[in-house]
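Heads up: the sequence shown at position 473 corresponds to 497 in the numbering used here, and the numbers run straight through without jumps.
Any given hint could be a false lead.
Derived DMTMM-like pairs (lysine to aspartate or glutamate); straight-line CA-CA distance at most 25 Å [stated by the list, open to error]:
id	residue 1	residue 2
1	K939	D887
2	K939	E1008
3	K862	D545
4	K561	E844
5	K939	D958
6	K862	D526
7	K561	E845
8	K317	D359
9	K561	E614
10	K862	E593
11	K561	D32
12	K561	E643
13	K862	E845
14	K561	D824
15	K561	E136
16	K939	D795
17	K939	D963
18	K862	D527
19	K317	E196
20	K862	D754
21	K317	E418
22	K561	E518
23	K862	E639
24	K317	E217
25	K561	D887
26	K862	E553
27	K862	D752
28	K939	E553
29	K862	E621
30	K939	D824
31	K862	D795
32	K561	D321
33	K317	D351
34	K317	E593
35	K561	D795
36	K939	E990
37	K862	E844
38	K317	D258
Calculated from the structure, these hints are not laboratory results.
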Amino acid sequence: MHINSGRDPIAIVGAACRLPGAQSPADLWQIVSGGRDVVGVIPQERFDIETASGRRRPDVLRGAGGYLDDIAGFDARFFGVTPFEALRMDPQQRLLLEVTWEALDDAGIPAESLAGSDTGVYTSLLPSGYWDLLRRSGMYDMHAALGAAVSGIFPGRVSTQLDLRGPSMGVEAACATSLLAVHVACRALWAGEIDLAIVGGANLQIVPDLYFALADAGVLSSSGRCKFGDVSGDGYVRSEGVVALILKPLSRALADGEHPYATILGSAATHDGRTGGSLVAPGLEGHETMLRKAYLDAGVSPGEVDYVEAHGPGTPAGDPTELAALDLVLREGRDPGRRCLVGSLKSNIGHTEFTSGMAGLLKTALALRHRTIPATLHVVEPHAVLRDPAAAVELALLTQDWPERGTPALAGVNSFGMSGTNVHLVLSEAPQVARPRRGQTRPSYVLPLSARDPRALDELAGAYADLLDGVDEGSVPGLHDVCFSAGARRSHHEYRLAAVGDDARSLAASLREFRATGRGDGRSVHAGERRAARRPKVVFVFPGQGGQWAGMGRQLLAAEPAFALRLHECARAVAAELGWSPVDALLRGERLSRVDEVQPTLWAMQVALASVWREWGVEPDLLIGHSMGEIAAAVTAGALSVADGAAVVARRSRLLREQRTPGAMWAVALGEEAARRAIAQAVGERSGQVSVGVVNSRHSTVLSGDPEWLERVVEPLRRDGVFCRQVDVDYASHAPQVEPVREALLEALSGVRPGPCAVPIHSSARDRVVDGTELDAGYWFENLRLPVRFAAACQAALADARPTVFIEMSPHPVLQTALEEEVEAAGANASVVPCLRKDVPDAAALGTALGRAYVLGCRPRWDRVHAGGEFVRLPGYPWQRRRFWPGSATSPIPPEPAREPVRPARPDLAALSEKELTAVVTDLASQVLAVPGDEIGMDVPLTLLGLDSVLATRFRERVRRELGVEVPVRSLLGPGTLLDLTTELRSAATV
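Throw the hints in and build the complete structure from the sequences for me.
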């Protein structure tokens, strides 16, 4: 074997299909490996048989055929296609969109990861006749023309959908079309023109006209079967099919952890010229030339090939020519007595015509993967060339193991067209990569699932629950691999679910519970809808002390390398300051009580927790620290080194322990002004003895000061039923009582050298975003002495309309209630996620937090969350199809009537309430997009609702005509939402 060593083979890394009897490659393998014939009869509902055959042979449309089910169904919402446009799209395009997505999923390539890449799209879609149906229904608009009249539009649709920058083209060469598309894609990959190729073909029979032409020419099988290789073969059976393949260089596929079906070593495409005697007659010389060029290109001797998937339609002219050419070429270099087996998928499913080459390629790739050669069917008397004892080829009449020769299995795939085009691909089995049998590697797992429809999410949960039933320790796929692949190798949509559990059984149970109740339980399952187009603003919140508990963090030290690494780094810095290690204290499960024990340990925990989130890909947009929590925030922002952070927390807490000024702190359920009034009423002119030290929320403050005077303030509040709780400290932070430590602290921290922040910090001491260079010794005294204006910092974080996720970096929630009060008061789209809880194992609590953050729209790096995971193939996306067909009662009616209707008077926009104006705008959008109003998200960009330039022009005209306002098309096609449009209309009405 002399494989072209200067060139990387092309790996088939993903595949999907719709073929007669097969909804997936796995279904297809069941058909061919089981020797099944799935050809049926032409569905009577497909054509208007009486009208179509009235002037011709009526029996033609009552014969055999391999047809697909539900070619009218399409999940338009998933692809952001409006019902108006979906109706005007050829079903070939609709099906191939779905199948292309399935192929990407099968390859483990998230669609969004391809945006901006040099990915090429090569498709095979010839006219199906759907344009004729649209014209008969009076649909001549641009969407109909683009969707059904111009077959070359589809590759551009895929490239636009996925934001691909490589070549995008339709290929056409009659029945050789789809394999020619693969050949062109391989050439582009080998030339380095593209990094990855999406190749797809579709063939549907929507109008019957071609049936009559083929019948008149005697091309159709009289027996209703494709009898490749049999002397009685007199024609083929027409079938439908859709196939998509994902191709990339083998070295990259292996580096990316993918599992190719097979590899393509070489290819050739030629034309018969005049060797066949006519345009449609096959030429022996042309076939021979094609085969020799292909094997020369692959660097493979024809004699080493084990199997060839023939074009094999079962026609009296095509089969003998093809077999003769194979016999002549494949005998070259072949060992005596070792024949090459030949077969044809058409004997199982019929002739899928323009998609037949890719269908045969998929069958062959599956055969190589399984090292099994399926039988070709319906052979009673082989052609003469096959009966020759000296022949180099023989039909695979029985399903059999692939011959063992000590070298990789080799195969070829033929495809010919009536146009005279010939294509041959040379394939090899993919390298076998050893996959370790892994057991459980984490104490808790997070399984993220998502969909673009809540019903799809429900079905997906069921499919994964079934998959997990077969997963146990040491199994392949393993639970770690399933969670890794679901997170790192799938696209993530707006309807989300995260299941959290310690084994496959608990995860499966949680998924089934979700299906039964329709919601998450907040512990083992989180579910929700992320409506915003971009990720939420993430705010890391670092509380003061109060969240500590004995044994906190011990499980994470063993389970999370990022946590352990950062905690040990912090512990070494603390040990250098105080002579003891927080890690040792945590491992011993000691109860911390002294301020110079609690604060350094909490600081180390907070810094380590933030490191885990960042390692997992959840990066903060803003940091807020509460009292001592600002020290951890400063380290996380990069303003302080770990050593300087340890110096601040250790030296300051040691000074607090040593100071002799008595102090106390009380948390009270009062707002700031009410707290000040309570102080004034209780202590009068001695109000300086008690301060409002912390403002946590509009309803929560902390009083700080002299213990005796504090009792005088708190006692009447308790009598009045106000919640009051003493904080477990013996000093009065954020009050005059800490003034005695000023000079000593400034001296102790004089060597701290702060730097700029890599992430903004909103100071709760100065109530503004601070530059990191401000965080010197003087600042850290202010942080101890000045009131904590935490509520104001939260309000500032909520000031914009962007969805916000607060993540509390604490071993137990301290500020969750205060944050939620501020969120509620602001009416903001925000949520609070606590990291850990003292009554929940660390890993489970952190997994729950990550799952909730994911559901809220965060984008974790799942490859880091489940580090070391292997890619495994997972359940496919459950499409939520709706019927789109001209004249169908369930199809959307074109929104623009032929005759102008009588319109009501224009509404006075200035006089309409927000609700009324929103209803008017939603109704207009519903009419233009042909989408029910309750399915239109007011906060979703119009382009994501399916608005394109044509519909935007129509929308603009409707707004101008019915509301009297001019709206530029460019504003409709930008990032704006219907809410933005409503605001714009309101402004225009009040000018």
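Regarding the pair K317 and D351, is the alpha-carbon distance no greater than 25 Å?
16 Å, holds
Regarding the pair K317 and E196, is the alpha-carbon distance no greater than 25 Å?
OK: K317 and E196 at ~21 Å, within 25 Å.
For a C-alpha distance cap of 25 Å, please report whether K862 and E639 respect it.
23 Å, holds
For the pair supplied as a hint, K561 and E518, confirm whether the alpha-carbon distance does not exceed 25 Å.
Holds, at roughly 16 Å.
Taken at face value, is the distance from the CA of E136 to the CA of K561 at most 25 Å?
Within the cut-off at roughly 20 Å; holds.
Does the alpha-carbon distance linking K317 and E418 stay inside the 25 Å limit?
22 Å, holds
Please verify whether K862 and D795 have alpha carbons no more than 25 Å apart.
34 Å, violated
Given the proposed pairing of K862 with E593, does the C-alpha separation stay at or below 25 Å?
Holds. K862 to E593 sits at ~24 Å (cutoff 25 Å).
With the threshold set at 25 Å, check whether the alpha-carbon distance from K939 to D887 stays at or below it.
44 Å, violated
Check whether the Cα positions of K862 and E845 lie no farther apart than 25 Å.
Holds, at about 22 Å.
Satisfaction of hint between E990 and K939, Cα-Cα up to 25 Å:
Given that 25 Å is the threshold and the Cα spacing comes to 21 Å, the pair holds.
Is K317 close enough to D359, meaning Cα to Cα at most 25 Å?
Answer holds: K317 to D359 is near 21 Å, not above 25 Å.
In summary, the structure is inconsistent with hints 1, 9, 11, 16, 26, 31, 32, 34, 38 from the numbered list given earlier, while agreeing with the others.
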